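Each chain, letter by letter, is given below.
2 protein chains.
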Amino acid sequence: MLVLITYDVSTMDKEGRRRLTKVAKKCVDHGQRVQNSVFECILDSTQLRKLKYELEELIDKDTDSLRFYNLGENYKTKVDHMGAKESYDMESPLIL
Amino acid sequence: MLVLITYDVSTMDKEGRRRLTKVAKKCVDHGQRVQNSVFECILDSTQLRKLKYELEELIDKDTDSLRFYNLGENYKTKVDHMGAKESYDMESPLIL
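Sequence order for the protein chains is A and B. By full-length UniProt numbering, the letter at position 85 of the first sequence is numbered 85, and the numbering carries on one by one without gaps. By full-length UniProt numbering, the letter at position 14 of the second sequence is numbered 14, and the numbering carries on one by one without gaps.
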């Protein structure tokens with residue numbers, strides 16, 4: 001299934017940027033970065049539980065937030081894009 | 001239906017922050033701001049078309065991007081949250 005993960009973190013400070021980099025690296029193991037702090041991951045329910053556990057260790061729960069949206073299996077018609085950068089290429093090297 | 005709207009814009013410059021404020025104001029007319037640049041909107045397909053048209057006028061399509069995810073009608077079990085700020089209060093002033 002496609003799980004959309006959005007990460008709210010202040011990138012005004014160095015520690016926030018560092019956490020974003022770590023979250024991004026973890027998420028792109030399972031999918032792609034479509035915006036600076038938005039990730040589309042292909043996961044089954046076991047992988048999702050594991051990823052949530054790992055991400056929980058990376059964020060500062062007092063200041064940051066993560067949201068998870070389950071788009072299911074038939075997600076291709078549910079997504080639309082406008083403006084710059086249609087999508088990061090999953091096959092290309094990561095830009096972090 | 002619930003439509004998730006994510007906005008990728010640089011808030012390092014004043015014009016970017018201004019565009020984010022405008023996009024946020026437009027989106028919260030239809031729902032709530034759940035993260036700094038993530039909005040959950042309740043829309044029918046006509047309202048969605050209109051909102052897309054309006055948002056297209058507000059963003060800089062060369063630098064910013066908007067993504068739209070259709071979560072359908074039965075969305076409550078599809079959303080999970082971790083960390084700070086379960087939801088922005090729709091009645092409170094925007095924090096930018």
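Source of the hints: derived by calculation from the structure; they are not laboratory data. Keep in mind that this is a model prediction, so the values were computed, not measured. Glycine included, every Cβ here is placed at the ideal spot set by N, Cα and C. Mixed in with the good hints, there may be bad ones.
Distance condition first, Cα-Cα at most 25 Å in a straight line; then the derived BS3-like pairs of lysine-lysine [stated by the list, open to error]:
#	chain 1	residue 1	chain 2	residue 2
1	B	Lys78	A	Lys52
2	B	Lys14	A	Lys14
3	B	Lys50	B	Lys25
4	B	Lys85	A	Lys61
5	A	Lys85	B	Lys61
6	A	Lys50	B	Lys76
7	B	Lys25	A	Lys78
8	A	Lys76	B	Lys61
9	A	Lys78	B	Lys78
10	A	Lys26	B	Lys78
11	B	Lys78	A	Lys61
12	A	Lys22	B	Lys85
13	A	Lys85	B	Lys85
14	B	Lys52	A	Lys78
15	B	Lys14	A	Lys78
Far from chain B, some chain A residues (derived; all Cβ distances over 10 Å) [unchecked claim]:
#	residue
16	Thr6
17	Asp13
18	Leu43
19	Arg67
Cross-check of the supplied hints:
no. : hint              : in the structure
1   : B:Lys78 x A:Lys52 : 15 Å, holds
2   : B:Lys14 x A:Lys14 : 20 Å, holds
3   : B:Lys50 x B:Lys25 : 15 Å, holds
4   : B:Lys85 x A:Lys61 : 9 Å, holds
5   : A:Lys85 x B:Lys61 : 9 Å, holds
6   : A:Lys50 x B:Lys76 : 22 Å, holds
7   : B:Lys25 x A:Lys78 : 24 Å, holds
8   : A:Lys76 x B:Lys61 : 22 Å, holds
9   : A:Lys78 x B:Lys78 : 14 Å, holds
10  : A:Lys26 x B:Lys78 : 21 Å, holds
11  : B:Lys78 x A:Lys61 : 21 Å, holds
12  : A:Lys22 x B:Lys85 : 21 Å, holds
13  : A:Lys85 x B:Lys85 : 29 Å, violated
14  : B:Lys52 x A:Lys78 : 15 Å, holds
15  : B:Lys14 x A:Lys78 : 32 Å, violated
16  : Thr6              : 5 Å, violated
17  : Asp13             : 13 Å, holds
18  : Leu43             : 13 Å, holds
19  : Arg67             : 5 Å, violated
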